[in-house]
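**Student:** Once you've looked at the hints, dock chain B with the ligands against the given chain A.
Each chain, written out:
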Amino acid sequence: MNIAVIDKIMLNFFAELQGWFALAATTFARVFRRPYYYREFAVQFDKLGFSSLFICMLTGLFTGMVMALQALVQLKPFAATSYVGGMVAVTMIKELGPVLASLMVAGRVGSAITAELGTMVVTEQVDAMRVEGTDIVKRLVAPRLKAMLLALPLLTAAADAVSLLGGYIMASGYGINPTMYLKGIPQFMVFQDLIEGLVKPTFFGFLIAMTGCYVGLNTRGGAEGVGNSAKQAVVVSSVLILMFDFFLTKIFVVFRG
Amino acid sequence: MSGSDSIRMEKLSYSVGGRKILEDFDFCLDRGVNRTILGVSGAGKTTILKLLLGLLPPQSGRVCIGDVCITGQPESIFSEQRKRIAIVFQGGALFDSMTVGENVGYRLFEEGRLSEGEIEGIVREKLSFVGVEEALNLYPAELSGGMKKRVAIARALAANPDFIFFDEPTTGLDPIGVYNICNLMQRLQAEGKTTLMVTHDLATAFATSERFTFLHQARMIFEGTEAEMRASTIPEVQQFLQPTKESLFV
Ligand SMILES: Nc1ncnc2c1ncn2[C@@H]1O[C@H](COP(=O)(O)OP(=O)(O)O)[C@@H](O)[C@H]1O
Ligand SMILES: [Mg+2]
Chain A
1 MNIAVIDKIM
11 LNFFAELQGW
21 FALAATTFAR
31 VFRRPYYYRE
41 FAVQFDKLGF
51 SSLFICMLTG
61 LFTGMVMALQ
71 ALVQLKPFAA
81 TSYVGGMVAV
91 TMIKELGPVL
101 ASLMVAGRVG
111 SAITAELGTM
121 VVTEQVDAMR
131 VEGTDIVKRL
141 VAPRLKAMLL
151 ALPLLTAAAD
161 AVSLLGGYIM
171 ASGYGINPTM
181 YLKGIPQFMV
191 FQDLIEGLVK
201 PTFFGFLIAM
211 TGCYVGLNTR
221 GGAEGVGNSA
231 KQAVVVSSVL
241 ILMFDFFLTK
251 IFVVFRG
Chain B
1 MSGSDSIRME
11 KLSYSVGGRK
21 ILEDFDFCLD
31 RGVNRTILGV
41 SGAGKTTILK
51 LLLGLLPPQS
61 GRVCIGDVCI
71 TGQPESIFSE
81 QRKRIAIVFQ
91 GGALFDSMTV
101 GENVGYRLFE
111 EGRLSEGEIE
121 GIVREKLSFV
131 GVEEALNLYP
141 AELSGGMKKR
151 VAIARALAAN
161 PDFIFFDEPT
171 TGLDPIGVYN
181 ICNLMQRLQA
191 EGKTTLMVTH
201 DLATAFATSE
211 RFTFLHQARM
221 IFEGTEAEMR
231 ASTIPEVQQF
241 LQPTKESLFV
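Respectively, the protein sequence lines represent chains A and B.
Heads up: the first sequence begins at 1 in our numbering, then just goes up one per residue.
Heads up: the second sequence begins at 1 in our numbering, then just goes up one per residue.
Bound conformation, chain A alone (with noise of 0.2 Å):
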């Protein structure tokens, strides 16, 4: 690889994440400005976030009870199997019940809003919403957006709940009751886990709807176009889930000294 082609492929990458930028910006200028299309974004919220519960939970309930199993057989020799509710819970609603319920609703809705968004750009769809005088970003990206900022939250800790009862299933295989069960959580995580827990997915669906909508907001030609481009829309909100949540991780690691 020659540096005129390394040279190309680094404006692009710059060129795009200052595109991204000026989109997340004149998003968050106009997201509390009249119209705020509260229809639209109804149906946003059942449409990406209410289709999604059922995922969620369905990762949620496996993911809990691997966690536990995992645990169990760990713990058992140290005749410790009580904990095992506090590291579950520890796991799931700090690391990966934010990470996995992202993760799945980035590859299922992620790659929808940009397939949605690109349709309406290859069929003129968006120039005629312009032409009639419509702020797309009001219309098309606010109201995911905020969809998405509200949803993924909830969805978390839907899936957060699952798992803990999914981890009982398997700790009362092991004879362990539900009171023992729930009070092993509070030993190992404070008020402030819970916190970060939600933080974190609200973020990752700030990335979510933001990459979605401006790989869909950018897409070009045609039918193969958006194909492409919600392949490229899911890989890229993935990877940034992940870096993401290690920066999170990292901050908030930091401020608790």
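Among the hints, a few may not be true.
[Claimed, not checked] In silico SDA-like pairs for lysine to any residue, Cα to Cα no more than 25 Å straight-line:
{"hint": "1", "chain 1": "B", "residue 1": "50", "chain 2": "A", "residue 2": "217"}
{"hint": "2", "chain 1": "B", "residue 1": "50", "chain 2": "A", "residue 2": "218"}
{"hint": "3", "chain 1": "B", "residue 1": "193", "chain 2": "A", "residue 2": "129"}
{"hint": "4", "chain 1": "B", "residue 1": "20", "chain 2": "A", "residue 2": "15"}
{"hint": "5", "chain 1": "A", "residue 1": "138", "chain 2": "B", "residue 2": "81"}
Worth flagging that the hints you see were computed from the coordinates, not collected in a lab.
**Tutor:** Frame of chain A; chain B with the ligands shown alone:
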């Protein structure tokens, strides 16, 4: 004439990815003079319409709607001015999450100045003007190509524009569909709307326009009436009017 009641493009250049689509292009659409821009597929006809509407930013030159120069301005500044223009996109560009009625009444709903009942009255009137009243509650996916275009025309009319742009309105339609669209355009002109069509369909162009602009390789190579066009000695124009063996694979 070319005062406040025209849409103008001055010394406009536009390129995509290093490829010149338009170069030093001058164009003026005066109120009352219906025009057609002719050119082969991919010549940049759709691009001209989008530039005139401020949907694409030109690299140089400027676009003015009436007294307002829109180039370099944010959309929120010129969006009011632009409401004097409506466009019928090539595929109709109907919003597929909305019914035909919601599509046609889109701008009126957005502006929120009229009651739902008043909007429905206008929507029905526009739909009956284009002859697809029965489609009111259907979704765009349930319409034929010709119906989509007619609904798109109804949507363009709902906002009562002075100028209407048509992007290849007859491409892909059967002869009856073409006749319908032609007839609609003539009725609109009779009502005082000024039309600008881009197409490669000569019959429709001659039936609905007074002046013609010929686009070839990013430049305007001809501008004039039908008679002037037929008399023109520019080879590309002659080839377009009457393709001969020489025009194969050029
Ligand atoms: N976003 C784009 N990226 C790359 N090329 C484009 C883009 N938009 C238009 N073009 C090119 O610009 C030229 C003119 O396009 P267009 O105005 O749609 O042509 P027409 O409407 O006359 O068929 C085409 O050759 C097309 O390949
Ligand atoms: Mg075109």
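**Student:** Now, for every hint given, state plainly whether the structure supports it.
**Tutor:** Here's how the hints hold up against the structure:
Note on residue 50/B and residue 217/A: the hinted pairing holds, with a Cα-Cα distance of about 16 Å set against a maximum of 25 Å. Using a Cα cut-off of 25 Å, the hinted pair residue 50/B and residue 218/A holds, with the two alpha carbons roughly 16 Å apart. Restraint check for residue 193/B and residue 129/A: the C-alpha separation of about 21 Å stays at or below 25 Å, so the hint holds. Distance hint between residue 20/B and residue 15/A is fulfilled; the C-alpha atoms sit about 21 Å from each other, no more than 25 Å.
Between residue 138/A and residue 81/B the CA atoms are separated by roughly 20 Å; this keeps the pair inside 25 Å, and the hint holds.
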